[in-house]
Amino acid sequence: MAMNRRDFLKVAAGSGLLLASDIPAQATMPEKLPPQAVGILYDATLCIGCKSCMVNCKIYNSVPGGALYLKGRDIPYEANNYEKGIWDAPVDLSSRTVNIIKVNTSGTAVNKDSAENGYSFVKQHCMHCISPACVSVCPVGALRKDPVNGVVYYVENRCIGCRYCMIACPFKIPRYEFEYALPQVRKCQLCHHRYEEGKYSACCEFCPTGASIFGKVVDLKKEAEKRLSLKTGQEYDFPVQTVDSKFTMRRQVSKYINHVYGQTEAGGTQYLMLAGVPFDWIGFNKSIDKTFLPELTWAYISKIPAVAALVIGAGTLTWAITSRKNKDKGES
Amino acid sequence: MNQKDIKVITPFSMVLIGIMAAGAAVALYRLLFGLGASTNLNDAWPWGLWIAFDVVGGVALAAGGFIIAGAVYILNWKKYKPIVRAAIMNTFLGYLMAATSITLDIGHPFRIWHPLVMWQVNSIMFIVAIHVVLYTSTLATESSPMFFEKLNMPRALKFVNKIMVGVVLFGVLLSCLHQSSLGALFLIAPSKLSALWSGSLLPYMFLVSAVLLGLNMVSFETILTGRVFKHKLPMDILSGLAKGSLIVAVFYFVMKIWQLAKGPGIGAAFDGSTAGNMYLVEMLVGVILPMILLSMKDMRSRVSSIFTINLLVITGIVLNRFNVATFGLAEYAGQSGMDYFPSVMEFILTLAMVSFAIFAFKLSVKYLNVFPEGQH
Amino acid sequence: MKHDEQNLLEEKLGGVSRRDFIKFCSAVAAAMGLPLGMGEKIAEAVTSPKRPPVLWLSAQECTGCTESLLRATHPTLEKLILELISLDYHETLNAGAGHQAEEARITSMKENKGKYILVVDGSIPVKDGGIYCKIAGKTALSLLEEMGSQAAAVIAIGSCASWGGIPSADPNPTGATPAHVVLKNKGITTPVVNIPGCPPNPYNFLSTVLYFLTFKKLPELDDQARPKFAYGRIIHENCERRPHFDAGRFAVQFGDEGHRKGYCLYKLGCKGPETFNNCSIQLFGDVGSASWPVGTGHPCFGCSEKGVGFTLALHSPARPKYITPPSLFTEVYPGKGGVPSGAKALAAGVAGVAIGAAGAAMMTGLGKKDEDTKDKEE
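Chains as they are written, first to last, in my numbering: chain U, 1 to 332; chain Z, 1 to 376; chain Y, 1 to 378.
Hints in this document: simulated from the structure, not taken from any laboratory. Beta carbons are placed, not taken as given, at the ideal position from N, Cα and C, and that holds for glycine. Among these hints, one or two may not hold up.
Unchecked claim - Cross-link-like lysine-lysine pairs, in silico, DSS-like; alpha carbons within 30 Å at most:
| # | chain 1 | residue 1 | chain 2 | residue 2 |
| --- | --- | --- | --- | --- |
| 1 | Y | K134 | U | K231 |
| 2 | U | K327 | Z | K78 |
| 3 | U | K199 | Y | K261 |
| 4 | Y | K321 | U | K255 |
| 5 | Z | K78 | U | K325 |
| 6 | U | K327 | Z | K243 |
| 7 | Z | K262 | Y | K261 |
| 8 | Z | K7 | U | K325 |
| 9 | Z | K230 | U | K325 |
| 10 | U | K172 | Z | K262 |
| 11 | U | K327 | Z | K158 |
| 12 | Z | K158 | U | K325 |
| 13 | Z | K150 | Z | K366 |
| 14 | Y | K336 | U | K246 |
| 15 | U | K226 | Y | K110 |
| 16 | Y | K344 | U | K286 |
| 17 | Z | K262 | U | K303 |
| 18 | Z | K362 | Z | K232 |
| 19 | U | K327 | Z | K162 |
| 20 | Z | K79 | U | K327 |
| 21 | U | K327 | Z | K81 |
| 22 | U | K290 | Z | K262 |
| 23 | U | K286 | Y | K336 |
| 24 | Y | K336 | U | K290 |
| 25 | U | K172 | Y | K344 |
| 26 | Y | K344 | U | K246 |
| 27 | U | K286 | Z | K262 |
| 28 | Z | K243 | U | K325 |
| 29 | Y | K306 | U | K255 |
| 30 | U | K255 | Y | K336 |
| 31 | Y | K306 | U | K231 |
| 32 | U | K325 | Z | K79 |
| 33 | Z | K4 | Z | K232 |
| 34 | U | K172 | Y | K336 |
Said to hold, decoys possible - Cβ pair distances, simulated, as ranges:
| # | chain 1 | residue 1 | chain 2 | residue 2 | range |
| --- | --- | --- | --- | --- | --- |
| 35 | Z | D5 | U | T318 | 36 to 44 Å |
| 36 | Y | G359 | Z | D5 | 32 to 40 Å |
| 37 | U | I312 | Z | A261 | 29 to 37 Å |
Based on the sequences and whatever the hints tell you, model everything.
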């Protein structure tokens with residue numbers, strides 16, 4: 001007896017549970033790509049591990065509105081406090097690193113983009129899922145998905161720090177500021193604070209090879225499919241910075257795994273990936289399938305009104321029957 | 001013993017007070033310096049001892065209240081009336097312990113009120129938060145007769161007694177929902193939680209195991225308080241609880257086997273991995289051994305064996321909560337290279353919470369009419 | 001040592017003191033990554049009365065490799081050829097010319113059969129019978145085959161001799177072929193060392209020669225027969241602009257702000273990441289820092305690397321040959337599998353408590369006779 005969210009809210013309102021004035025815009029979890037969805041296409045075969053994306057992500061997110069902004073602190077790039085600066089050689093995503101290049105190697109690691117005696121880079125940051133698990137589990141709606149461009153962003157002043165988003169994310173992305181007494185959740189927000197100025201994600205703007213390109217997800221998907229259809233060794237003008245850029249880098253097409261990661265995984269993501277090695281080899285959990293994760297929880301929540309009705313109804317009935325029985329027996 | 005003979009300050013209570021004082025200091029330190037300074041939590045292990053034991057375990061341990069209250073007020077099983085107030089009081093204290101722990105565990109303790117006004121109905125955490133607030137208020141209402149009697153407020157007492165059935169029914173509903181919600185918390189992470197525990201049955205198994213644990217906790221508390229405060233032990237109640245435990249234990253066992261067979265297969269529990277071994281311990285201690293013992297009538301009629309069974313179930317089901325909240329996620333978390341063992345401060349706070357529950361119960365027995373019929 | 005002996009030795013060494021000479025040999029040893037004690041060994045080898053014979057075959061070359069050697073200072077070329085080796089034949093440096101020079105070659109080959117070192121520079125044209133390079137009426141091809149078969153070792157200096165170099169660039173009209181391929185095709189098994197570069201750093205060549213003279217064997221070579229001490233790492237590993245690469249600071253156009261500030265030249269097409277050589281360490285000309293292409297602000301074009309130099313477009317982006325230190329990358333799976341030790345300890349602890357409590361309870365509680373049902377009256 002599951003019900004959809006609108007009915008659920010009606011019931012909740014009807015039963016007087018609707019005390020508050022603040023219902024977030026996201027009463028329904030989206031399951032389709034938003035109309036102007038933007039994202040990033042990362043091509044691991046083009047990545048040279050220069051980490052320009054990491055460095056510039058830190059620089060351009062340390063400004064007000066950015067994913068790494070902390071009021072009253074220096075921009076990490078210029079900070080004299082080098083413990084928190086760029087050169088902390090981050091070992092993983094953390095409260096100060098929302099984008100990281102990692103590598104997996106095998107054997108002698110001389111063949112780029114090969115799982116045999118080879119290596120591949122991977123750029124790890126928020127996947128901006130179409131139906132984000134983190135958005136669905138946040139009890140106060142501190143993580144939200146923009147209904148127009150689909151960016152999953154963070155509203156700090158709502159967050160209570162329960163860290164459920166960290167449990168929920170199948171890609172282990174959100175990180176926490178355990179080191180502060182007033183902590184925040186930190187993750188990539190696709191540089192959405194730069195869109196107003198006509199700019200886009202800093203990692204894409206500064207990637208020298210076009211490994212990370214920004215654009216509308218529909219265009220990125222087309223570009224990804226196109227690359228998969230090219231022949232290995234063929235020369236191709238890879239767009240740099242954005243998918244529709246005039247500036248291109250001509251080089252030979254590498255051998256790809258015939259799959260665009262993010263088309264269906266976790267119900268689909270706005271951060272897409274191409275690679276020359278299997279995706280679980282570069283860190284993606286094999287058991288992530290095309291299930292929309294919020295649906296798993298909703299399957300339980302939608303039954304709550306029915307359970308409530310059942311318990312109240314059956315309970316009242318039981319009490320009525322047993323009280324009468326007791327009365328008949330002469331007990332009080 | 002009479003209430004006036006209960007000594008508040010004994011060597012044991014001094015120890016409890018000492019631990020509580022240490023816990024208060026830890027809480028202050030945590031508030032001032034943050035979670036990183038007071039716990040060993042990290043990005044791969046965002047939930048640790050405080051969530052697994054204090055909150056999830058604590059709520060499960062406090063399941064006795066709604067069962068006994070429901071039995072007495074809804075099912076009208078007056079046989080259990082002598083222990084209903086103690087059960088409610090213990091549950092109330094247990095929920096206070098869980099609520100305090102969750103307040104200290106979240107990153108912004110002073111924003112604990114946010115879920116009340118900032119709603120997000122897709123979130124189980126939100127559901128749990130609302131339930132805990134409502135249920136703690138319900139428990140307060142259910143416990144209020146004891147306070148109204150003490151404070152000599154007959155009108156308030158009369159009013160509360162009139163609405164008690166409705167309040168208890170509401171409490172039963174809330175308990176069913178949030179005991180299962182705590183299991184539903186982990187539905188969102190099927191790719192992370194070991195297949196030994198994950199699956200769509202998880203919330204219902206949490207509910208059933210909470211009922212099992214509640215029955216055994218009530219029995220355990222009854223025997224303990226009987227020993228400590230030198231009451232006559234109500235054998236009919238204890239046997240009744242034991243019988244109820246048997247039924248629930250068998251049901252739970254079947255659910256577990258069903259879930260295991262449908263999921264990774266029975267063999268998965270025997271593969272020698274940490275998760276597999278923990279599953280075996282949990283099943284053996286919390287379900288199988290108790291089931292076998294409970295099925296023997298003479299085991300159900302002797303206090304010492306009942307007490308043993310209670311202990312088995314309590315440790316086993318608490319272990320189950322640990323397994324779901326921490327150890328079932330361990331293999332996945334370990335891939336990141338990070339590790340977790342609770343810090344000294346985490347242990348101190350947890351012990352302080354338990355000490356508070358014990359000490360507060362003692363105080364309530366002394367100053368409130370917790371055993372209106374049972375005191376000799 | 002005694003005063004007379006001292007003078008004799010100095011005379012032999014052309015006025016260089018023993019200490020200076022040992023210093024030079026130690027410097028050579030250090031450049032090759034050999035232990036310092038080897039300096040003495042090298043000194044002994046090169047001061048033997050009979051200077052080892054070397055014949056130099058120039059094919060399709062530009063003389064750049066010789067010019068590069070002329071700029072060496074430790075040892076200088078004149079020290080090398082006048083005191084350390086017996087350079088019996090070299091087109092550019094011969095005292096004589098014409099038939100006289102050829103005679104010197106033939107005589108040396110006869111006298112030192114199997115013992116001389118053959119240095120080859122320039123590629124060998126093989127098309128049309130090799131007529132595109134002839135010396136004294138003989139094709140370079142036949143000369144190499146003849147000279148190579150009787151040499152103790154062949155050192156191919158320069159990219160042309162090592163893998164074909166500029167004459168072998170598309171469309172390669174003369175069929176320019178490296179020395180080792182020519183020898184292999186003829187079944188000649190004389191060991192070959194390649195010292196690629198356009199031109200190579202002279203010390204790569206000099207150190208190899210001195211190593212051979214000292215130890216009578218070639219230094220450790222890689223799979224392209226290049227000495228590992230010079231060609232073991234890509235230029236990118238030790239590039240002075242590497243911090244800029246690691247920090248994402250690139251010059252995008254010649255003369256832009258990034259270029260003026262000395263940023264990484266990757267975006268201008270620097271092939272450092274796919275070229276094996278030691279230019280970034282040795283530099284050129286002993287004139288101090290930045291005396292190499294990247295240092296002057298022009299991207300490396302991979303002159304020493306087959307498949308890169310004269311093959312790939314100058315400003316096309318390079319594909320790094322392997323993940324290079326010192327840049328630090330996190331592994332995708334740092335945890336080595338299974339549950340980590342702390343969590344395992346906690347699990348063991350909790351399970352232990354459960355089992356212990358259960359065990360204790362069962363041992364004490366099950367067998368007991370019930371004595372507590374009796375009332376305990378006050």
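Hints violated by the structure (listed by number, smallest first): 1, 7, 8, 9, 14, 15 and 26
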